[in-house]
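Student: For the protein sequence lines, the chains are A and B, in the order given. Residue 173 in this note's numbering is what sits at position 173 of the first sequence, and the numbering runs on without skipping anything. Residue 101 in this note's numbering is what sits at position 101 of the second sequence, and the numbering runs on without skipping anything.
It is possible that some hints are incorrect.
You can't tell identical chains apart in this list, so a pair holds if it fits in one copy or across any two.
No more than 30 Å apart at the CA atoms, straight line, and that leaves these computed lysine-lysine pairs for DSS-like [stated by the list, open to error]:
id : residue 1 : residue 2
1  : K175      : K46
2  : K132      : K235
3  : K298      : K283
4  : K75       : K298
Keep in mind that the hints were calculated from the coordinates and are not lab data. Keep in mind it's a predicted model, so treat the numbers as computed, not measured.
Protein chains: 2
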Amino acid sequence: MKRQIAIFLLLIFFISPLAGFAQMRSPQNPRLGFIIHGGAGVISRKDLTPQKEAEFRKKLEEAVLAGYKVLQSGKTSLDAVETAIRIMEDSPLFNAGKGAVFTADGKNELDASIMEGKGLNAGSVAGLHRVKNPISLARKVMENSPHVMMIGDGAEKFAREQKIELVPAQYFWTKHRWDALQKIIKEEKAKNKKVSEFRNPSSQNERYGTVGAVALDKNGDLAAGTSTGGMTYKKYGRVGDAPIIGAGTYANNQTCGVSATGWGEYFIRLSIARDISAIVEYKGVSIQEAVDTVIKQKLQNLGGDGGVVALDKNGNIGISFNSEGMYRAYIDENGKPIVQIY
Amino acid sequence: MKRQIAIFLLLIFFISPLAGFAQMRSPQNPRLGFIIHGGAGVISRKDLTPQKEAEFRKKLEEAVLAGYKVLQSGKTSLDAVETAIRIMEDSPLFNAGKGAVFTADGKNELDASIMEGKGLNAGSVAGLHRVKNPISLARKVMENSPHVMMIGDGAEKFAREQKIELVPAQYFWTKHRWDALQKIIKEEKAKNKKVSEFRNPSSQNERYGTVGAVALDKNGDLAAGTSTGGMTYKKYGRVGDAPIIGAGTYANNQTCGVSATGWGEYFIRLSIARDISAIVEYKGVSIQEAVDTVIKQKLQNLGGDGGVVALDKNGNIGISFNSEGMYRAYIDENGKPIVQIY
Numbered sequence: 001m002k003r004q005i006a007i008f009l010l011l012i013f014f015i016s017p018l019a020g021f022a023q024m025r026s027p028q029n030p031r032l033g034f035i036i037h038g039g040a041g042v043i044s045r046k047d048l049t050p051q052k053e054a055e056f057r058k059k060l061e062e063a064v065l066a067g068y069k070v071l072q073s074g075k076t077s078l079d080a081v082e083t084a085i086r087i088m089e090d091s092p093l094f095n096a097g098k099g100a101v102f103t104a105d106g107k108n109e110l111d112a113s114i115m116e117g118k119g120l121n122a123g124s125v126a127g128l129h130r131v132k133n134p135i136s137l138a139r140k141v142m143e144n145s146p147h148v149m150m151i152g153d154g155a156e157k158f159a160r161e162q163k164i165e166l167v168p169a170q171y172f173w174t175k176h177r178w179d180a181l182q183k184i185i186k187e188e189k190a191k192n193k194k195v196s197e198f199r200n201p202s203s204q205n206e207r208y209g210t211v212g213a214v215a216l217d218k219n220g221d222l223a224a225g226t227s228t229g230g231m232t233y234k235k236y237g238r239v240g241d242a243p244i245i246g247a248g249t250y251a252n253n254q255t256c257g258v259s260a261t262g263w264g265e266y267f268i269r270l271s272i273a274r275d276i277s278a279i280v281e282y283k284g285v286s287i288q289e290a291v292d293t294v295i296k297q298k299l300q301n302l303g304g305d306g307g308v309v310a311l312d313k314n315g316n317i318g319i320s321f322n323s324e325g326m327y328r329a330y331i332d333e334n335g336k337p338i339v340q341i342y
Numbered sequence: 001m002k003r004q005i006a007i008f009l010l011l012i013f014f015i016s017p018l019a020g021f022a023q024m025r026s027p028q029n030p031r032l033g034f035i036i037h038g039g040a041g042v043i044s045r046k047d048l049t050p051q052k053e054a055e056f057r058k059k060l061e062e063a064v065l066a067g068y069k070v071l072q073s074g075k076t077s078l079d080a081v082e083t084a085i086r087i088m089e090d091s092p093l094f095n096a097g098k099g100a101v102f103t104a105d106g107k108n109e110l111d112a113s114i115m116e117g118k119g120l121n122a123g124s125v126a127g128l129h130r131v132k133n134p135i136s137l138a139r140k141v142m143e144n145s146p147h148v149m150m151i152g153d154g155a156e157k158f159a160r161e162q163k164i165e166l167v168p169a170q171y172f173w174t175k176h177r178w179d180a181l182q183k184i185i186k187e188e189k190a191k192n193k194k195v196s197e198f199r200n201p202s203s204q205n206e207r208y209g210t211v212g213a214v215a216l217d218k219n220g221d222l223a224a225g226t227s228t229g230g231m232t233y234k235k236y237g238r239v240g241d242a243p244i245i246g247a248g249t250y251a252n253n254q255t256c257g258v259s260a261t262g263w264g265e266y267f268i269r270l271s272i273a274r275d276i277s278a279i280v281e282y283k284g285v286s287i288q289e290a291v292d293t294v295i296k297q298k299l300q301n302l303g304g305d306g307g308v309v310a311l312d313k314n315g316n317i318g319i320s321f322n323s324e325g326m327y328r329a330y331i332d333e334n335g336k337p338i339v340q341i342y
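Construct the complete structure from the given sequences, taking the supplied hints into account.
Tutor: See below:
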């Protein structure tokens, strides 16, 4: 009898660490999570040639795998978010960084924001003309300044002090974005519109395509980031939702991380990202139910369009959009990249 | 018996409209509501002379009565909010409009936002140097543009097109704000601080004092607005919470209207105004409980300070702050103005 008890205790001794490990990997506890988007509402099936679609899928896969690799190496969710967004900013395919669209007066105006769920720290930049990777400047604002949001010349002055890479304005010139501007200028001239009349963008498909990412690291820390080149033909230093903490980006370790893309004005008016976090916090529903409530009910009812990608604190994925498509990719439970458009 | 029934029915006939009227005035139904603030965390009892305090009280009473009169005349909550905020913007007492504080390089940089609870429309402006009344420009952005937020030169270009009054930069020069800047420059020089080291503003009392208003009109429409001159000695085009929809300002006819004031970075990270609306929406608690939860628990725990004024859809008042004081005034149930500081 004594011997049986001894074996039993020995068994417990060896099994308990394994049980702890199993628990660590269960859905109730943090696991690595990574999801990105490359814009919503930009894709019409008839305009997207098989070749173009293949390019998008390849770049999305590259970005999602790069971010995931960062997490696997033990680095933070902030590192993963920054890494993946920089890859998309450096590609001419997306409306962020290199591929930014043109404003009405032929400039490129870039915005970005980043937030960490631990401590609710955040950084945001808007109205940039010369910063190659706005997401990295947003992170510097968060980590090396007492502020959350910086705009315009002041933000670029801070960028220089922080040794963030600046590029000549021509860096952002791409033929397809320039052609898109010329097309809209022609259309607007034909209509001879006044300011008060262009409330409904006529060529919405040309006007957005923000990028973003949400990550959950091995410490259970969430992070989210978003970067954009704004809307083609935008005027008056317009700022969309991407640099607005609570609208385009939000992260809270107690709830979820969210990055949004779409018709920015609606995302600001609804505080889309913050509302998703609030629904998870106060109603205790799943992340998928929370994103669907905000996108398919509230945004839809108000007349806006776009979508979000999200991760809850356990790494569960939430994806919702009411536009024709949303470029997105995530890492599934087996560690495999899944790339989707429609 | 027949006669008794007839008298009873007659009684019902006469009483029922009165009952209806009583119900209309009960807390369950919209009544006129108006509340303003002139900044939190700015007041130390030892610094506020009786004469200065009398000036603040007089101006707060003037602003709250002017806004309330607008509501009584049958105009909208937006009109009331704009009217009261313009009065405070035109006074050198508050850190908004005329009384705006100076940035580190001796400029005045103004921000404002406004939102209506009906339809969730919003307008916001940031980084202005020459607009006399930023709250009126924010309203024009909401009503006459397709955008929610405009910044810097672009916003001022829009102001010119909308015939919004522009003033020379000298208009914003006031001796007490200039002296406050010189004092901080001297302190900072003595400390020889680096960017990364000034996360905790040392002279917080000098650094904020935003104004704001929330109104409920006879149609049951809520509106909220906020206007600020930022923080003394701010750098790098820093933007605080005042122009951020969801942080400094939010209004939703289904829940409440909120205007905030305080250490802006914390208000952005918590999406203070939006969170109060979410708590009312999802938890169904009173407006006072909602504002206390966000200010006295969440903001306090994160280490920030400031306060909010709010009205729910029935006109009930919510006031909360964790700073030493908050300049504020509201109209009580008898239509009388109440002015408070501590």
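Student: Indicate which option fits the pair K75, K298 if close means a Cα-Cα distance not exceeding 30 Å: within, between, both or neither.
Tutor: between (36 Å within a copy, 29 Å between copies)
Student: Given identical chains, is K132 near K235, meaning Cα to Cα at most 30 Å, within a copy, between copies, both, or neither?
Tutor: Result: close both inside a copy and across copies, 22 Å intra and 22 Å inter.
Student: Have a look at K298 and K283 and pick one of within, between, both or neither, based on CA distance no larger than 30 Å.
Tutor: both (16 Å within a copy, 18 Å between copies)
Student: Between the shortest in-copy and the shortest cross-copy C-alpha distance, which are at most 30 Å for K175 and K46: within, between, both, or neither?
Tutor: within (21 Å within a copy, 64 Å between copies)
Comparing the model with each numbered hint stated earlier shows that all of them hold.
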